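Residue numbers (numbering that gives the first Met the number 0), protein chains in the order written: chain A, 0 to 150; chain B, 0 to 150.
Please keep in mind that the hints were generated in silico from the structure rather than gathered at the bench.
The structure presented is a predicted model; accordingly, all values stated were derived computationally and were not measured.
Hints may contain errors.
What the hints assert, rightly or not - Distance ranges between label pairs, derived from CB positions: (1) B:Gly2 / A:Gly2: 40 to 48 Å; (2) B:Pro44 / A:Glu27: 39 to 47 Å; (3) B:Gly2 / A:Gly13: 31 to 39 Å; (4) A:Pro51 / B:Phe52: 20 to 28 Å.
As the list claims (entries may be wrong) - Residues of chain A placed beyond 12 Å of chain B at every Cβ, according to the derived structure: (5) Pro11; (6) Pro37; (7) Ala92; (8) Ala110; (9) Arg147.
Unchecked claim - Anything over 10 Å on all C-beta distances counts as not near chain B; from chain A, calculated: (10) Arg39; (11) Gly85; (12) Arg90; (13) Arg96; (14) Gly98; (15) Leu108; (16) Ala114; (17) Arg148.
Virtual Cβ for every residue (Gly too), placed ideally from N, Cα, C.
2 protein chains.
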Amino acid sequence: MSGFRYYWEDFPAGRTFEHGRKVLSEAEIIDFARQWDPQRFHVDPQAARQTPFGGLVASGWHTGCLMMRMMCDAYLNESSCTGSPGIDEWRFAAPVRPGDELRYRATVLEARASASKPDRGIVRWRWELLNQRGEVAVSMTGTQFFLRRPS
Amino acid sequence: MSGFRYYWEDFPAGRTFEHGRKVLSEAEIIDFARQWDPQRFHVDPQAARQTPFGGLVASGWHTGCLMMRMMCDAYLNESSCTGSPGIDEWRFAAPVRPGDELRYRATVLEARASASKPDRGIVRWRWELLNQRGEVAVSMTGTQFFLRRPS
């Protein structure tokens with residue numbers, strides 16, 4: 000639990016982290032959805048044409064997992080994070096289709112010291128995936144706990 | 000887009016669906032997390048002991064994906080669902096550890112007809128995973144759109 004690159008002090012409100020890019024293929028979209036979210040518009044290109052999406056779209060759980068992995072690579076796995084209580088306002092803001100290229104952006108919304116645990120702090124984030132047109136495709140807010148930098 | 004078992008009319012407030020059970024193994028927890036959420040307390044049993052979790056715990060994205068799959072099997076893939084705008088209040092309410100047995104419970108919180116699209120309706124849900132002790136391990140609220148039953 001020592002020697003991290005990022006501690007709570009490194010996440011002031013307004014700081015951003017970016018990561019990516021990643022192009023999602025039709026095969027990846029179908030493979031993920033077959034295991035975790037086999038709705039017809041995620042696994043069957045023919046059937047998807049008859050839905051309001053008009054074609055195959057990635058499962059929100061797929062793009063959410065991709066976002067989580069980019070978060071790990073952007074800052075989390077070099078941080079003193081000790082967990083998260085949850086996620087709010089997760090929005091599937093724009094459909095993600097085969098060939099779309101996604102990149103990750105994290106913004107610190109709020110950072111505060113823990114009232115009960117003097118060695119920890121709390122950070123509230125906005126996490127987003129943007130597509131190749133710069134549109135927000137996925138957004139959510141989430142909270143994480145971090146150890147404070149040892150003095 | 001016809002011949003579904005469940006249409007919007009089949010989801011009145013208070014209706015519940017259940018599915019499962021599924022035991023998560025240590026190998027499954029590590030495999031999922033190596034791909035999508037390689038934080039030390041999800042992939043490294045030794046390192047996890049030194050964290051506040053005191054041992055390996057499943058990624059929230061893993062249990063979330065498991066919940067999504069149980070939802071598909073419980074009602075969604077037999078329904079007229081046309082998508083979802085998002086998810087709120089996702090809480091990692093209790094750690095999920097190797098050997099924990101999870102089951103799914105869905106409860107309709109609210110159902111209303113669409114004001115703009117007369118062939119559709121909107122359903123707001125509480126979705127949960129409960130462990131073998133009956134504790135809520137994962138909970139969230141989410142909204143889904145469904146076609147209304149053809150008259």
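Hint check results:
no., hint, in the structure
1, B:Gly2 / A:Gly2: 40 to 48 Å, "59 Å, violated"
2, B:Pro44 / A:Glu27: 39 to 47 Å, "29 Å, violated"
3, B:Gly2 / A:Gly13: 31 to 39 Å, "52 Å, violated"
4, A:Pro51 / B:Phe52: 20 to 28 Å, "41 Å, violated"
5, Pro11, "22 Å, holds"
6, Pro37, "6 Å, violated"
7, Ala92, "8 Å, violated"
8, Ala110, "19 Å, holds"
9, Arg147, "14 Å, holds"
10, Arg39, "8 Å, violated"
11, Gly85, "4 Å, violated"
12, Arg90, "4 Å, violated"
13, Arg96, "14 Å, holds"
14, Gly98, "20 Å, holds"
15, Leu108, "16 Å, holds"
16, Ala114, "17 Å, holds"
17, Arg148, "17 Å, holds"
Taken one by one, the earlier hints fail for this structure at numbers 1, 2, 3, 4, 6, 7, 10, 11, 12, listed in ascending order.
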